[in-house]
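Engineer: Sequence:
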Amino acid sequence: MSAIRLAGLIIGSVSLVLIVISLAIPYWIFLVDKEVQVTGSGITISISAKIGFWDYCISMDVVGFSGSRCGKFYESDRNDITDASVAMLLLGMLLMVGSVIACGTSILCKKESKLFPIVGGVCTFVSGTCMLIGVALYGSAYWGKIVLDGDTLIVSHMYGPCFYMAIVATILALVSGGLQIASRGVSNVSVKPLESK
Numbered sequence: 001m002s003a004i005r006l007a008g009l010i011i012g013s014v015s016l017v018l019i020v021i022s023l024a025i026p027y028w029i030f031l032v033d034k035e036v037q038v039t040g041s042g043i044t045i046s047i048s049a050k051i052g053f054w055d056y057c058i059s060m061d062v063v064g065f066s067g068s069r070c071g072k073f074y075e076s077d078r079n080d081i082t083d084a085s086v087a088m089l090l091l092g093m094l095l096m097v098g099s100v101i102a103c104g105t106s107i108l109c110k111k112e113s114k115l116f117p118i119v120g121g122v123c124t125f126v127s128g129t130c131m132l133i134g135v136a137l138y139g140s141a142y143w144g145k146i147v148l149d150g151d152t153l154i155v156s157h158m159y160g161p162c163f164y165m166a167i168v169a170t171i172l173a174l175v176s177g178g179l180q181i182a183s184r185g186v187s188n189v190s191v192k193p194l195e196s197k
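Residues in the sequence shown are numbered consecutively from 1, following our numbering.
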């Protein structure tokens, strides 16, 4: 078994676990007690929110009245960029499953095959690229825009740990793909000690 191939499998498995966790945990964006002035009205609104792919929770305090709402996003509630981001991240996750299976199979096979590392490496590169597109779409989407009675409020936000886990998973997927493809030329070589004469 090649150490490079094993390293590719381990790094790919860590990438898979991170992307599964980042997709499972609901909150990708946080707004923490933002004070927002409504243009021209003199009204101050305090907003706290947690927004993710699947769930949201928003708390607002407007002129002494406060309320919160938590719920699930349904198909009609989401925008196209969020849907595209979810689709790319899920596709990347599924390709990473295929890559881990191909790389694991190449390690466990008794007969050395150069096909499995190539298939695993290509799947991992495509997976990493899909995850990169998904993270980039989500990161560049215009979040924090709230429309209240015709007035548009711009609210700054910060990304949650899920977003950063997806970035790390993307980087690890690309590294794993490189290691798997690099291992295709490495065979199971045993090192013999030099004999003294």
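No lab work stands behind these hints, which were simulated from the structure alone.
Just to be clear, a hint being listed does not mean it is correct.
Derived DEER-like restraints, expressed as beta-carbon distance ranges [claimed, not checked]: (1) 71 <-> 168: 24 to 34 Å; (2) 111 <-> 58: 52 to 62 Å; (3) 72 <-> 114: 41 to 51 Å; (4) 182 <-> 43: 54 to 64 Å; (5) 54 <-> 14: 15 to 25 Å; (6) 57 <-> 113: 11 to 21 Å.
Each residue gets a CB set at the ideal place from its N, CA and C atoms; glycine is no exception.
Engineer: Looking back at the hints listed earlier, which ones does the structure fail to meet?
Structural biologist: Hint check: 6 fails alone, others pass.
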